[in-house]
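J.: Residue numbers (numbering that gives the first Met the number 0), protein chains in the order written: chain C, 0 to 206; chain L, 0 to 484.
One or more of the hints may lead you astray.
What the hints assert, rightly or not - Looking from chain C toward chain L, a few residues come up when the C-beta cut is under 10 Å (computed): (1) G135; (2) P136; (3) L138; (4) V139; (5) A144; (6) L147; (7) L149; (8) A150; (9) H157; (10) R171; (11) E176; (12) L177.
Everything labelled a hint here was simulated from the structure, so no lab data went into it.
We treat Cβ as the ideally placed atom computed from N, Cα and C, and that holds for glycine.
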Amino acid sequence: MQIAFYLSGLVAILATLRVVTGTHPVHALLYLIVSLIAVAMVFFALGAPFAGALEIIVYAGAIMVLFVFVVMMLNLGESAVEQERAWLQPKAWVGPAVLTAVLLIVMIVTLVSGDYEGSISGETLTAKMVGISLFGPYLVIVELAAMLLLAALVAASHLGRSEAHDEADLARERQRELNEQARADVAPVRETPVNTREQNRTQEGKA
Amino acid sequence: MSHATMMALLAISPLILVCLTVIVVMLSIAWQRNHTLSAILTAVGLNVALLALLFGWSLGTVDVTSVLVVDDLSRFGGVLVLMSTLACVTLAHHYLEGYEGPRDEFYLLLLSAAAGGMVLVSARHMTTLFFGIELLSMPLFGMLAYTFRDRGALESGIKYMVLSAAATAFLLFGMALLYAVTGTLDFAELGEALSAYGSDPWLLAGAGMLLVGLAFKLSIVPFHLWTPDVYQGGPGPATTFLATASKVAVFLVLLRLFQSTLAFHENWWHDLLGFIAVVTMLVGNLLALTQNDLKRLLGYSSIAHFGYLLVALVVNQGLAVETVGIYLVTYVLTTLGAFGVVTLVSSPYVATGGTADASPLHHYRGLFWRRPYLTAVMTVSMLSLAGIPFTAGFIGKFYIIAVGVEAHRWWLVGSVVLGSAIGLYYYLRVMVTLFLHEPGMQRRDATHDWAERAGGMVVLGVATLVILLGLYPTPMINWVNWVAG
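For reference, chain C alone in the conformation it holds in the complex (with noise of 0.2 Å):
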């Protein structure tokens, strides 16, 4: 278990040095995704599965692919298709490719001679637990990281907000302030005629 762990986070920092060194975006999710996984395994090694689970799911699996995405998207066009072959080079997949080796060697090794049992210390930290300590000493904690995405949410909605989105807005308060004039030119107009009709009065009176 020691080797698994020791060779993982070797692993796990190879593969974030190219993530920083890496030029091109997506190869650099490449290897992001590969530090990922290293680090999940090194979860496992420890005796947190849940936590492993958790990082291969919710990291390598969500996050990225919404990233790879973006990056894909914003590539789209006529030289698409070309520039795909381009990437498709061993130089740009050979590396991701050796290292996720190395972590599957490791998964195998680790399953063939079952010594999977213990942790490197320590007692195996089953979900169960990782629930008992979010929802027991750790409910605060629940709580403000609700109160943190809300914060992120906002900030990042209102600097994100798009110029037609601001003029839309804008359209719609200016509209709503032309109609609390039109409302207050209104009631001057009711008044008009009752002063012109006093006024009538008056000249009546003098006529």
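Using the hints provided, position chain L relative to the given structure of chain C.
T.: Frame of chain C, contents of chain L only:
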């Protein structure tokens, strides 16, 4: 519901009320966008939270689960955070009237950041420290870049976000190292473990990284480089919040960390911190000398002030906690006055190409002949920042020097005196500018009805308090003594 749960809920009711206000304001925005309504709801929520805080004082020290503790120090911090947030709300309402985009989100962000500050002042566990700092900083990114069509505001927001993320990485890594060695994240247990393990290199690396992360938030030299740019570019109300509530909350959590972790009491830690304090005072003051921009100048001055405050942490005996309390009160009041005037002169927001706020000093040339009362507020704030007698700033500085002399830290006392002497020059330069003859050049000015608005009243009230506390500081001293004792 058990008695303990009830007590815990009562004790953190101010935090719950602030969070609840976020939800209420958000729902009201979803229903109908109304700038004034959002501002009023925010102010009401904050006031209710403040009342809950004051009524909760009789509860004493209450542990809320194992990660938060509500005691006198955290209530003291909560009062300062909520008061400065309230001042920011009143200033923001006037300021944002000129902003053409949606205005209501600002209050949501402000309230969330205030909640983060409230968490931070009652943190006694690394997890709450981390979440508090994040909940404080995350809305601040949005607030600083709120008027993002402005190049200055956008730059300030991005700068704060990127550098803050780096600081957070340090903070997390430091916590991870501490946890790896000691196996605990609780401040008190961490303190015991630290004294047991002595000077393990991993432990020192962890503690050092933790300090780097916190020092960034307090803009202590050498982690101060972001401060002037962010202060200059950010919209007035956001900068006011950054300079007051955010700094107070982070400093109080640093104080709590220092009090509980005994390993920081080793001698060389004190020497290192003392050196950082001296450098911070001198660098902050020297760099402020050549500034022609009021907001940048105030940024550098805040660096210097946190250098002074570090003196109390370095000494960490005798009157240290009282000194921190009194200095924070005077600093918050004075900074609210100074930034309040800057924000009022910049209100309402005008969209321009560069920096929208009236931050260059030449906008303030001859302000006395146009707005005598506003100039009086600014003058009082500058005098108080410089630590002239009969202002609150003097009392704070007096305590700092007293604490230094008591501990025979002559180097620190000398730097405080030297720093104040340098500071006097640039604070007086601002004051002279206020009274010069008016130039014919283009300038910004406060609106005619500034004094009738909530923001104007707050600024006038703050200036009055600065003078009152300078003349008769006994109530403040009694309050802080009671909190510290």
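J.: Would you mind marking each hint as holding or not holding in the structure?
T.: Evaluation of the provided hints:
no., hint, in the structure
1, G135, "holds, 8 Å"
2, P136, "holds, 5 Å"
3, L138, "holds, 6 Å"
4, V139, "holds, 5 Å"
5, A144, "holds, 7 Å"
6, L147, "holds, 5 Å"
7, L149, "holds, 7 Å"
8, A150, "holds, 4 Å"
9, H157, "holds, 5 Å"
10, R171, "holds, 9 Å"
11, E176, "violated, 12 Å"
12, L177, "violated, 16 Å"
Going through the hint list in order, the structure does not satisfy hints 11, 12.
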